[in-house]
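Just so you know, the protein sequences line up as chains W and P, in that order.
Using this note's numbering, the letters of the first sequence map in sequence onto residues 1 to 395.
Using this note's numbering, the letters of the second sequence map in sequence onto residues 1 to 395.
Take these hints with a grain of salt, some might be off.
Simulated DEER-style distance windows between Cβ atoms [stated by the list, open to error]:
no., chain 1, residue 1, chain 2, residue 2, range
1, W, D333, P, E247, 52 to 60 Å
2, W, E395, P, A242, 43 to 51 Å
3, W, D333, P, E190, 37 to 45 Å
4, P, N14, W, G341, 53 to 61 Å
5, W, A323, P, E247, 21 to 29 Å
6, P, D50, W, P121, 50 to 58 Å
7, P, A344, W, E124, 41 to 49 Å
Source of the hints: derived by calculation from the structure; they are not laboratory data.
Every residue gets a Cβ at the ideal spot worked out from N, C-alpha and C, and that includes glycine.
This is what each chain is made of:
Protein chains: 2
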Amino acid sequence: MPSPPQVGELTPPNRTLMGPGPTEVHPRVLRAMGTPLLGYLDPAFVEIMDEVQALLRYAFRTDNDWTLPISGTGSAAMETAFGNLVEPGETVLVPSNGYFGGRMGKMARRAGGEVVTVDAPWGEPLDAADVADAFDAHQPDVFGFVHAETSTGVRQPDVPALVDIAHEHDAYAIVDCVTSLGGVEFRADEWNVDAAYSCSQKCLSCPPGASPVTFSDRAREKVLAREESSGSWYLDVAEIMAYWGEERSYHHTAPTTNVYALREGLRLVAEEGIEHRWDRHRRMAGALRAGVEAMGVDPVADESYWLPSLTTVRVPGGVDDAAVGDYLLDAYDLEIGGGLGDLAGEVFRLGCMGYSARPANVAFLLSALGDALDRQGATVDVGAGMAAMRDRLAE
Amino acid sequence: MPSPPQVGELTPPNRTLMGPGPTEVHPRVLRAMGTPLLGYLDPAFVEIMDEVQALLRYAFRTDNDWTLPISGTGSAAMETAFGNLVEPGETVLVPSNGYFGGRMGKMARRAGGEVVTVDAPWGEPLDAADVADAFDAHQPDVFGFVHAETSTGVRQPDVPALVDIAHEHDAYAIVDCVTSLGGVEFRADEWNVDAAYSCSQKCLSCPPGASPVTFSDRAREKVLAREESSGSWYLDVAEIMAYWGEERSYHHTAPTTNVYALREGLRLVAEEGIEHRWDRHRRMAGALRAGVEAMGVDPVADESYWLPSLTTVRVPGGVDDAAVGDYLLDAYDLEIGGGLGDLAGEVFRLGCMGYSARPANVAFLLSALGDALDRQGATVDVGAGMAAMRDRLAE
């Protein structure tokens with residue numbers, strides 16, 4: 001039987017997080033998290049719930065009634081979308097061009113779906129013609145795809161075109177905006193998205209733990225018409241909405257502090273204005289991208305489908321990517337991401353999200369990365385990189 | 001399309017939470033939550049994960065390898081237990097003597113189980129003879145029961161006796177200790193429990209969002225031998241353990257700040273010593289119980305199965321329970337709980353958990369409740385209540 005473990009004060013290193021997430025939490029969000037709790041049906045908490053939903057609708061660009069944070073991390077929101085919209089025996093189309101398309105397939109299978117794929121190489125977006133072909137071949141009931149692929153740094157450039165294909169086939173489109181919500185243009189209503197989900201720890205600069213989802217009225221009707229309950233009680237969106245909606249009936253205790261955090265993170269979005277925020281991400285990450293390119297490092301994604309919140313770049317020839325990551329962590333307390341799946345060992349993933357999308361972080365990341373690559377013997381021109389960054393920031 | 005909502009600074013009322021939960025967060029836990037994030041595979045975070053697991057094993061009184069926090073609130077931990085241990089077509093025995101036994105049935109059905117019940121009135125524990133009869137009648141594969149019923153304030157007094165019945169029938173016992181872990185004696189290993197789950201926002205005095213579970217080696221083998229995947233990818237404990245165990249392979253991003261909070265809450269448990277903590281809850285809640293009784297208000301649970309962390313008392317005749325709750329919230333910023341289910345309108349639920357289990361809170365609650373009942377025209381002797389409380393605290 002264990003005796004009391006000797007565990008000291010929480011004193012972790014003070015990292016700068018510029019990988020794929022979690023990212024740095026905004027100081028105002030950290031401060032909000034020191035607020036004492038309220039009961040889950042306290043009138044003051046109910047008011048906060050309403051505020052969070054209004055702020056989420058603003059961030060998603062939607063009027064959807066079913067817009068709320070799920071009490072878990074981004075994957076919980078993802079499974080809320082797939083677990084509720086996919087019914088046993090339905091065919092679900094998912095992409096093969098990134099790690100999170102693969103996860104969609106796993107969740108769709110748990111929900112009883114038959115999974116088919118539309119293919120594109122890792123590092124490229126889906127082609128609308130391929131999606132149309134996949135629809136003709138498989139007649140899927142649900143089509144999931146990724147607006148902002150965290151594993152590749154690829155932005156699916158024309159979301160409405162893909163959604164339209166789904167609707168022409170009477171199917172439902174679920175869109176992953178985990179790495180775009182609050183940082184990269186996303187318009188749930190204008191793009192006719194049926195369901196979208198995100199997380200709190202990327203462009204919203206909150207800790208993980210309360211994750212946004214939105215369901216259109218059409219998607220809601222599908223969920224409410226289910227003959228068989230979804231696989232998870234905890235993630236049953238109709239039952240959760242009995243608490244988040246007007247009924248206010250207890251489902252599970254909301255993660256109070258994560259809701260406080262999300263409220264503050266979303267309040268920062270509203271204060272800045274969502275379009276200005278998208279623009280800031282483009283400018284800051286654009287300076288980062290210009291800087292790495294001028295330094296002599298190649299971005300993976302073409303500019304036409306580049307994802308500002310996550311710039312993926314090739315590991316220069318002869319460079320040990322793990323050694324670069326370790327050096328940045330040890331020498332600079334700086335975290336960047338390595339490659340996943342088909343891109344393992346081949347890329348670095350450079351996040352520029354929310355609070356991190358600012359000149360101080362971009363300049364720091366660029367100079368530290370230049371140093372690390374130089375130490376690894378790569379031919380990099382750090383001076384040219386910094387100059388290109390500076391010029392872009394000055395535009 | 002929504003314009004930016006006008007949402008001001010987060011300034012909720014400063015409540016004292018003495019209901020069924022969430023309860024007050026310990027100031028050291030609030031402080032720990034201001035700590036900046038780490039990446040989910042940062043060596044410093046991996047060390048924190050190990051510490052949290054060691055601390056959880058201490059609190060659960062277990063050496064179970066599969067001991068970890070689930071990334072959600074208590075109901076997520078509950079569904080992790082039922083969703084993974086119950087396989088389609090299995091028979092699941094659950095109790096009918098409280099709200100959370102009912103929830104067990106709902107989750108077991110989602111997992112594909114056939115649900116049968118063992119009955120006892122709300123406000124009383126299960127009788128071992130009834131459990132044995134139910135086993136003989138239904139031969140269940142899994143038996144779920146509640147150590148500490150949050151809806152009734154009843155403690156199941158002899159957990160090992162019920163677990164033994166399950167084991168004699170080659171079944172698995174899942175025990176709900178949501179309202180007991182860290183406050184009321186619970187011994188996972190000594191009592192041979194197969195799986196137990198809890199939450200962070202009751203006797204551990206953390207915010208909700210990272211919820212303890214433990215699976216015995218025997219339970220783990222059942223999970224690993226499943227032919228069909230469980231219904232939820234997010235709550236698949238075998239996959240989650242690939243991240244929390246030695247493999248350290250990415251499953252989902254851990255809720256960093258909630259893990260920090262849990263670490264600090266559990267560190268407070270280890271510093272105090274778990275037996276001392278159980279004793280403190282008995283003493284403080286004992287003073288509360290003595291006080292309300294001396295005041296003229298009847299506890300629901302007999303002393304032999306009273307749950308110190310949650311004392312349920314009868315609403316005195318002629319008193320409007322909702323008016324009492326509203327008055328306490330308005331006049332004192334004090335939250336207590338009302339009745340649920342079969343006890344709706346008939347009881348108050350008085351929490352005394354973790355950081356709240358101290359003289360200041362007990363005295364405040366007793367005096368404010370006395371005032372509220374007096375205003376409602378009940379015959380209460382507040383002076384006698386305070387004297388009885390004081391005498392018990394002095395013992």
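Status of each hint after checking the structure:
A C-beta distance of roughly 26 Å is found between W:D333 and P:E247, which places it outside the suggested range of 52 to 60 Å. Between W:E395 and P:A242 the Cβ separation comes to about 46 Å, which falls inside the hinted range of 43 to 51 Å. Between W:D333 and P:E190 the beta carbon distance is about 44 Å. The supplied range of 37 to 45 Å therefore holds. Remark: the range hint 53 to 61 Å for P:N14 to W:G341 is contradicted by a beta-carbon distance near 48 Å.
Take W:A323 and P:E247: their Cβ atoms lie about 22 Å apart, and the range 21 to 29 Å holds. Between P:D50 and W:P121 the CB atoms are about 38 Å apart, so this pair departs from the stated range of 50 to 58 Å. At roughly 58 Å, the beta carbons of P:A344 and W:E124 sit outside the given window of 41 to 49 Å.
Of the numbered hints listed earlier, those contradicted by the structure are 1, 4, 6, 7.
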